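Undergrad: Based on these hints, arrange chain B on the given structure of chain A.
If you want the building blocks of each chain, they are given just below.
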Amino acid sequence: MKINLRNKRTRTDFLTYAGVIIVFVVMSILQNQGAISRSLSGQLVPICAYVTMAISLNLTVGILGELSLGHAGFMSVGAFSGIIAAMSLQSAIPSDPVRLAVSMVLGAFFAAIAGFLVGTPVLRLRGDYLAIVTLAFGEIIKELVNCLLVGYDENGLHMMFNLNGQKTVSDLGLTENGIEIIKGAQGATSTTTIATFTAGFILVMVTLIVVLNLIRSRSGRAIMALRDNRIAAESVGINITKYKLMAFVTSAALAGAAGALYGLNMASLQATKFNFNTSILVLVFVVLGGLGNIWGSIIAATLLTVLPEMLRSFAEFRMLVYAIVLILVMLATNNPTMKLFFERIRTRFFKKPAKEVRGK
Amino acid sequence: MKKILCLLLAMTMTFGCLTACGSKDTSDPADNGAATGSSESIEGAFKLGAVGPLTGDAAIYGQAVVNGAQIAVDEINASDSTVKFELNKQDDEADGEKSKNAYNNLMDWGMQILVGPTTSGAATAVAAQVYSDRTFMITPSGSSPDVIDGKDNVFQVCFSDPNQGTGAADYIAENMADAKIAIIYRNDDAYSQGIRDTFVEEAEAKGLEVVTEGTFTADTATDFTVQLTDAQSKGADLLFLPIYYQPASIILNQANAMGYAPTFFGVDGMDGILTLENFDTSLAEGVMLLTPFSADATDDLTKNFVAKYQEAYGEIPNQFAADAYDAVYVVKAAIEAAGCTADMSAADICEALVAAMPTLTYNGLTGQNMTWQATGEVSKAPMAVVIKDGVYTLPN
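Protein chains in written order, with our numbering: chain A, 1 to 360; chain B, 1001 to 1396.
It should be emphasised that the hints constitute simulated quantities derived from the structure, not laboratory data. All values derive from a computational prediction rather than experimental measurement. Any given hint could be a false lead.
What the hints assert, rightly or not - A few chain A residues facing chain B, derived, Cβ under 8 Å: (1) Asn146; (2) Thr168; (3) Ser217; (4) Thr241; (5) Thr272; (6) Met319.
Said to hold, decoys possible - What follows is a list of derived Cβ distance ranges for each label pair: (7) Ser28/A - Leu1301/B: 24 to 32 Å; (8) Ser170/A - Asn1253/B: 34 to 42 Å; (9) Ala1347/B - Asn7/A: 51 to 59 Å; (10) Leu163/A - Asn1253/B: 28 to 36 Å; (11) Asp128/A - Lys1388/B: 49 to 57 Å; (12) Ala1347/B - Gly156/A: 47 to 55 Å; (13) Met319/A - Val1391/B: 32 to 40 Å; (14) Gly1390/B - Met319/A: 28 to 36 Å; (15) Ile1316/B - Thr120/A: 28 to 36 Å; (16) Asp171/A - Ser1132/B: 25 to 33 Å; (17) Pro97/A - Asp1296/B: 54 to 62 Å; (18) Lys1206/B - Lys167/A: 17 to 25 Å; (19) Thr1225/B - Ile113/A: 35 to 43 Å.
From the three backbone atoms N, C-alpha and C, an ideal C-beta is built for every residue, glycine too.
Isolated chain A, as found in the complex (with noise of 0.2 Å):
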């Protein structure tokens, strides 16, 4: 493979590569050395399953220019079908790395069938439909999780619907050893966490090199090109579903394995956590570091999660001061004067780059 530096694109994707693993190097070292806070090092792995959310969702968003608001429903599918795995594997799979990697992957994989189901009808159809429909999907997610009762013994799983609200995790009839893993609408409360900031740090690496991958690849170009005009791209004999599907169904494995990593970061989870608001916060975070810009989602995702408690000081208006923060960057980011101001540090350090820049 010959890999062509000069190509801005290929330029902005090796940095992005390297700026995410010098960031984890150098925060292993520290962390190590025990320098960072445990406020910081405990964020560490949530801040992984964002950016890994923040990434999927610019795919769907970003890159085929739908308007997903269900995402966190995906994370949901993932989180609790991981749960399921780790907490149901645990005599089968000792070792905890190897189970939270098949967590992932099995979370990744009930995601897709999911986005499979949720996208093959609506991306059909022209519209904001995909909107609708995936709020819709994680309202319903929400709900079914919360119906749901899972436990596991010797004799295996055992799952059950509670749909008229009358049965509990003790109808499931588990022997003495079995263990309760989801309990309805009191959620996963004895997972044990087995996530770990390096697991999160590959996660993030295999979303990059799939998304950016997919991206510059014949399909990316097929995807944007349907994002930008619908029509042309079919002149050209496009097929719209099959290419729709692939990045939406990309999107939401990536989501379900976020999910998974998420899921097993915590003690005890509800279906609730995935809600409205999660999605809207991920979708935050692309639009934030701007739609179709990879590396934006990634800073975006890092800070929004970190500036909350950044803020603690603020006691009880740190959530007001972080809406004001919002509100700046995204008024600083747009300003002509703070524009310009970047134009001119960047003509006075960089003087070559600029004058090519005139020349056109």
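TA: Frame of chain A, contents of chain B only:
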């Protein structure tokens, strides 16, 4: 080129932020109790952390918990007790992830004992972390049995959900045995569902008649006409409401509007209904609830606490505040029993307190002769009260 530059700038910014909040507290965790930095620090004081939702939907509980804890800490510090406390309060929005963050933040501060988190879901998430870190945790109001399940260093001040469900069913069986019971509960809420499950189980065992059950979720907690009409048509004369007081206030309103007047029976989540803004408290007349704390009790301890709370925060304290107040005093009693000093590490204090807890007998706001099992569960007698003329009174 612009992109690369932006990328680099953003990278350095992100990284700067990360390292900035990393370096801030490297000095603290090691030297517990040796009061560094903080201006309010008291020489030789134990560092207490309180966690609860100070913002968001459940803020009223978190606020009550930190206020109650604050009053206890102020009292203890003003007294001649050798045990002194320093309290740090953190917001968790009743969310597991945020709660873990709040806990980690407190550990960075050098916390030795955790009073919290306030809500069950958050408390369960933090309890697992606390268990592996070996920090002592006593939750004032995290009532789910999952909070303490399998964790020797986690204790509860409040009743557990199963206790409340069985307690309510026992009380009804004793006093209103032939009632036709309808239940309205929130089926996406661990607390509500947990109490409903044990209530129904115990009701069945005691031969009570549950004629109908209605459910709602967080998103449908604004209209209960369907559930109420159902209960009315089935002839229910007792409505069991194992829910928080906001939806309960709507139920009372709507039942009143449709002329349906069964006996309303709530649990500790109903506590607070009298202080709800814009709620006509006359609607709550005759509502019965199971609560460990009544602000109208006439013993000196309660009077003193209610007076102080009202002076400091301008409202009548609810059960959550009382639980937190008790939690701080329980920690004090346990420290005295175990003979801990403030210069011990969090893990050493934890082991000492875990050993001391089952030996304690404590008389507090929320119960007389409270004792703890090694599992972390409290044993105290629940108390049923009825709302009469806008205050809690003992039913006759």
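Undergrad: Hint by hint, say whether it matches the structure.
TA: A quick look at each hint next to the structure:
Because the smallest distance between the Cβ of Asn146/A and any Cβ of chain B comes to about 5 Å, under 8 Å, the interface hint for this residue holds. Because the smallest distance between the Cβ of Thr168/A and any Cβ of chain B comes to about 5 Å, under 8 Å, the interface hint for this residue holds. For Ser217/A, the suggested interface contact is broken, since its CB lies about 20 Å from the closest CB of chain B, more than 8 Å. For Thr241/A, the suggested interface contact is broken, since its CB lies about 32 Å from the closest CB of chain B, more than 8 Å.
Given the 8 Å rule on beta carbons, the hint for Thr272/A holds: about 6 Å separates it from the nearest Cβ of chain B. The interface hint given for Met319/A holds, since its Cβ lies 6 Å from the closest Cβ of chain B, which is under the 8 Å cut-off. Against the hinted window of 24 to 32 Å, the Cβ-Cβ separation of Ser28/A and Leu1301/B comes to about 52 Å, which falls outside the hint. Between Ser170/A and Asn1253/B the beta carbon distance is about 35 Å. The supplied range of 34 to 42 Å therefore holds.
The hint said 51 to 59 Å for the Cβ distance between Ala1347/B and Asn7/A, and at roughly 55 Å that hint holds. Between Leu163/A and Asn1253/B the beta carbons are some 29 Å apart, a value that agrees with the proposed interval 28 to 36 Å. Look at Asp128/A against Lys1388/B: about 55 Å separates their beta carbons, and that is inside 49 to 57 Å. The beta-carbon spacing between Ala1347/B and Gly156/A, approximately 40 Å, falls outside the hinted interval of 47 to 55 Å.
Taking the beta carbon of each, Met319/A and Val1391/B are about 35 Å apart, inside 32 to 40 Å as hinted. Take Gly1390/B and Met319/A: their Cβ atoms lie about 34 Å apart, and the range 28 to 36 Å holds. Between Ile1316/B and Thr120/A the CB atoms are about 57 Å apart, so this pair departs from the stated range of 28 to 36 Å. Taking 25 to 33 Å as the suggested C-beta distance range, the pair Asp171/A and Ser1132/B conforms, at roughly 32 Å.
Evaluation of the 54 to 62 Å hint for Pro97/A and Asp1296/B yields a pass: the beta carbon distance comes to about 57 Å. The hinted range of 17 to 25 Å is satisfied by Lys1206/B and Lys167/A, whose Cβ atoms lie roughly 21 Å apart. Distance hint for Thr1225/B and Ile113/A: a CB-CB separation of about 38 Å, consistent with the stated range 35 to 43 Å.
Hint compliance for this structure: hints 3, 4, 7, 12 and 15 are not met, and every other hint is.
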